[in-house]
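As you go down the protein sequences, you meet chains A and B in turn.
FYI, this note's numbering numbers position 86 of the first sequence as 86, with every residue one higher than the one before it.
This note's numbering runs 110 ahead of the 1-based position in the second sequence.
No lab work stands behind these hints: they were computed from the structure.
Honestly, I wouldn't trust all of these hints.
The following label-pair restraints were derived from C-beta to C-beta distances [said to hold, decoys possible]:
1. V75(A) with F180(B): 21 to 31 Å
2. L266(B) with R36(A): 26 to 36 Å
3. M111(B) with L105(A): 18 to 28 Å
4. F114(B) with R97(A): 22 to 32 Å
Now the stretches of chain B that chain A is said to cover, found in silico as 3 or more residues with beta-carbon under 8 Å [unchecked claim]:
5. 119 to 130
6. 137 to 150
7. 153 to 167
8. 171 to 180
9. 204 to 212
10. 262 to 272
Using N, Cα and C, we set each Cβ at its ideal position, and we do this for glycine too.
Each chain is listed here by its residues.
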Amino acid sequence: MTLAPIVGLSGVEPAWYLVLASLIFAIGAVGLLVRRNPLVMFMCVELMLNAVTLTFVTFSRMLNDVGGQAVVVFVLVVAAAEVVVGLGIIVAILRKRPAATADDLSLLKG
Amino acid sequence: METFIFLVAGAICIVGALGVVLSSNPVHSALSLVGTLFGVAVLFVAQEANFLAAVQVIVYAGAIVVLFLFVIMLLGVDQAEELEIEPIVGQRAAALVVGIAIFALPVAALASTSWEATGALANLGRLADGGPDIEALGEVVFTRYLLAFEVTSVLLVIAVVGAVLLARKSPVSNELEIEGLYEPDTEGPAGESDDAEATP
């Protein structure tokens, strides 16, 4: 069985939202692997989080259940806390050496 | 109509996501990220999650991206990064393979599913019973997920305390977090590096 056509009985088929979300997630993952600027890597993590929230909202609509949207609220809170702490760490690192990349943080390498 | 909205917002999302990854300047990456976040907010509205769309715009585009831009401007790291150099040979090709695999796996699962749910629905609250989504959402968050909601307040307090501790410029916090991370022997005087090595 293949993916249904993009237009279903009631608007867009939900599967296409999931395809879009997995595409955004994959782009964010590739960016996280390729980029070396810690700030840009952090933005790629945000991209991946957003893709996952999109899937939660899509499933919430598919199943006609508000639980998925409740999870998205908590994901938003966790993302905000993560950004605050992560940017604090990045500021502490880059203040000493503005040109630092992720490769320079090799303290744990034996 | 929803198809049109989906196609436009999806195109904005993908272009923004590619912009985040491919821009050599971090400021351009942050601005592309705003595009993706707005696109996702539009898709939330298209799926009748109006409250989450508003929160998405306020929290993400209004607070998080501004925080990113603030850090970029504060540190002055807004110069373009050299993207032509590939520090590890074959890294980009390998990352591309991983990305295609990450994309292909859910799509293959979607294409092969028959959409037949197994088990009962969770029955937390119905969205289509009429009434705005924010009522159903508030009811679930403040009854079923009350403990999780309270834990998030603790999490936010911890995040604030951690950010203040990381950002302040006292000798104690510098010793705690930075001293080991940065070998001062490249720029600093020799005495500093001796101190850093002597610290267990």
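Hints, verified against the model:
{"no.": "1", "hint": "V75(A) with F180(B): 21 to 31 Å", "in the structure": "holds, 23 Å"}
{"no.": "2", "hint": "L266(B) with R36(A): 26 to 36 Å", "in the structure": "holds, 30 Å"}
{"no.": "3", "hint": "M111(B) with L105(A): 18 to 28 Å", "in the structure": "violated, 49 Å"}
{"no.": "4", "hint": "F114(B) with R97(A): 22 to 32 Å", "in the structure": "violated, 48 Å"}
{"no.": "5", "hint": "119 to 130", "in the structure": "holds (count 6)"}
{"no.": "6", "hint": "137 to 150", "in the structure": "holds (count 6)"}
{"no.": "7", "hint": "153 to 167", "in the structure": "holds (count 10)"}
{"no.": "8", "hint": "171 to 180", "in the structure": "holds (count 4)"}
{"no.": "9", "hint": "204 to 212", "in the structure": "holds (count 7)"}
{"no.": "10", "hint": "262 to 272", "in the structure": "holds (count 7)"}
Taken one by one, the earlier hints fail for this structure at numbers 3, 4, listed in ascending order.
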